[in-house]
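Given these sequences and hints, build the entire structure.
Chains as they are written, first to last, in the numbering used here: chain A, 1 to 340; chain B, 341 to 680.
Rather than coming from a laboratory, the hints here were simulated on the basis of the structure.
One or more of the hints may lead you astray.
[Said to hold, decoys possible] To spell it out: a stretch of chain A is covered by chain B in this simulated footprint if at least three of its residues, at any positions, have a beta carbon under 8 angstroms from a beta carbon of chain B; those stretches are:
(1) 16-29
(2) 112-124
(3) 192-206
(4) 222-228
[Stated by the list, open to error] Quick look at which bits of chain B chain A covers, simulated, 3 or more residues with Cβ under 8 angstroms:
(5) 396-406
(6) 440-449
(7) 456-469
[Claimed, not checked] Calculated Cβ distances over 12 angstroms to all of chain B for the following chain A residues:
(8) ALA148
(9) ARG245
(10) LEU334
For each residue, glycine too, the CB sits at the ideal point set by N, CA and C.
There are 2 protein chains.
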Amino acid sequence: MGKRRPGAPTLEEVAAHAGVGRGTVSRVVNNAAGVKESTRRAVQRAIEELGYVPNLAARSLAGRRADAVALVLTEPDWRMFAEPFFSEIVRSLGDALADTGMQLLLTLVRSEDERQRFLEYARGGRVDGILMMSVHAGDQLPDMLAEARLPTVLLGRRSGEEYVSYVDADNVGGARNAVSYLLKQGRRTIATITGPLDMYVAQCRLRGYRDALEMAGLEGTPSLVAEGDFTEESGRRAMADLIERHPEIDGILAASDTSAAGALQALRAAGRRVPEDVAVIGFDDFSLAQRTEPRLTTVRQPVEEMGRSMIRLLLEEMEEPFVAWRHVILRTELVVRESA
Amino acid sequence: MGKRRPGAPTLEEVAAHAGVGRGTVSRVVNNAAGVKESTRRAVQRAIEELGYVPNLAARSLAGRRADAVALVLTEPDWRMFAEPFFSEIVRSLGDALADTGMQLLLTLVRSEDERQRFLEYARGGRVDGILMMSVHAGDQLPDMLAEARLPTVLLGRRSGEEYVSYVDADNVGGARNAVSYLLKQGRRTIATITGPLDMYVAQCRLRGYRDALEMAGLEGTPSLVAEGDFTEESGRRAMADLIERHPEIDGILAASDTSAAGALQALRAAGRRVPEDVAVIGFDDFSLAQRTEPRLTTVRQPVEEMGRSMIRLLLEEMEEPFVAWRHVILRTELVVRESA
DNA sequence: CTGAAAGCGCTAACAA
DNA sequence: TTGTTAGCGCTTTCAG
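Structure (structure tokens):
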């Protein structure tokens, strides 16, 4: 293994070149206060002239932070990689992190082997904190991270009793509002296309659907529930099944915008008019707004706020570790976009 | 900033606990040869008992590698994030890296600020090498990395005179073969939907298209070339334009499978039969195989091989730095999938 | 405001 | 086969 950048100048050399002590250079590099302006300038010139770049390993070792946080993507996320919700969240995390000077590192954990490797990486101190998104119910990684006392924040929870810090949307409420809205429109046979039911988020949206029906005094019909996995293809397939089972369907709640798009395709293929014959509401509103269904009514999650909240919680945990789990549940908003 | 894992045991403590010297523990941890089996076992027990985890910063500092490589995604990549080609490449890189014990870190570089931060991160020695994909012609980052003497490998090149190490597919040849195939079928009015023409890969595919026409003694018609950006939406739009300008079109080469899918939609919407009236060939074959167009003929890039090659080149550069740029150009394959 | 010095935890070279 | 030791480059007291 070739040594890294063999002749790279060190703090020491910069100090010598500038005719000051090591500590002073360190202060300048870290923008610490208490350095005479002229000295600072002299040091800065020396840095320029020598092309000095701080050695991050040394900095880390000397007892400070790694200045990086990892966003872990476990295997089940993989398919969602292509979902707009995913990239929007990543984008918002990047924005939220911009001020902190920390690097956002996406890491893929697909096998047990990779999980172990990542754990070593994190426990080895290469990151100051860990973010996870779309956690599946049975995922043990958050527990392992918690055990290693690593600041961790989840997007979504694994169950109602999640203890690791998380940021989540009010999925039950969002779904309930959506279905109530459909009922208010006079729809009576409302079906739902869920997400993968091993994810708590999907369970919550399903619960909201059921709650709304119950509140309206209607009885839930099991055959009006079709499991999907958030993807467009699953939406198409689920919708096709639903139409066959219940030709009288006049309303749909889909657990994602993408599966809603699939549902719309299947409905049109079956000759239904949307939204005259059948109204569709989906969760999230990224892909559709940009693509083929700009007029779909959606339950919007506050993505920017989610990213910001995750970073805020993470920073709090880094600041004052191991004192408490922190939870944030953000409100959703029904965005009505039906054309007149 | 809270100190990281304050009470974490060190090598020293493990050594004391096991009643051996520090060096011995280091050897055991690193699986080095030359340790008596009984000693090794004793050390391993001590490690278990104390829950020792090596401090990676210290390890890095002590003169070895960072055991991590970064895959940089610059702003223009961002849209491709959702493209199947992207996730397939990432997957193959992960596989290729699995043996090496290195962490793959995806980093997003969207702004000048983030570019600077990443540069510091890389020059600071947090990664042993850098991979970049879908580099745009004007991107300076590879030069900066080269200047910093950081092992770097690109997927694709910025121009015909690329010097930084890269792995690329034979895009000209692939496009030429595809168009020749269409010509052999008797198609005579062949259009192309390109990728973003500020990317060399898109230029090459366009060149291949033109070469094939020329070889057949046909004249290239500028209005048969529509610029897209690899996305489905761009394919739809470009195709719609092309049909309007040239209703007689009977063949299409699309620069990606995704834009080919968009083209197919536009063709069907215009009442054309595919492939009877119009034949379509796209580059890559991921999304379509999994989605709606399993029978599209495609120019297949050897994704697995691309990932493997990139890692191989990177390892070579790390091993023996700064001696040469290395280039690999992989053959493409025309995968005919028309139904009878 | 600045310099000197004590580590941070590990690897690797050298003795033993 | 193993123990000892000299750094790796930086941050951070503590004097001055």
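| request: Run the structure past the numbered hints and jot down the numbers of the failing ones, going up. | output: 1, 3, 4 and 8
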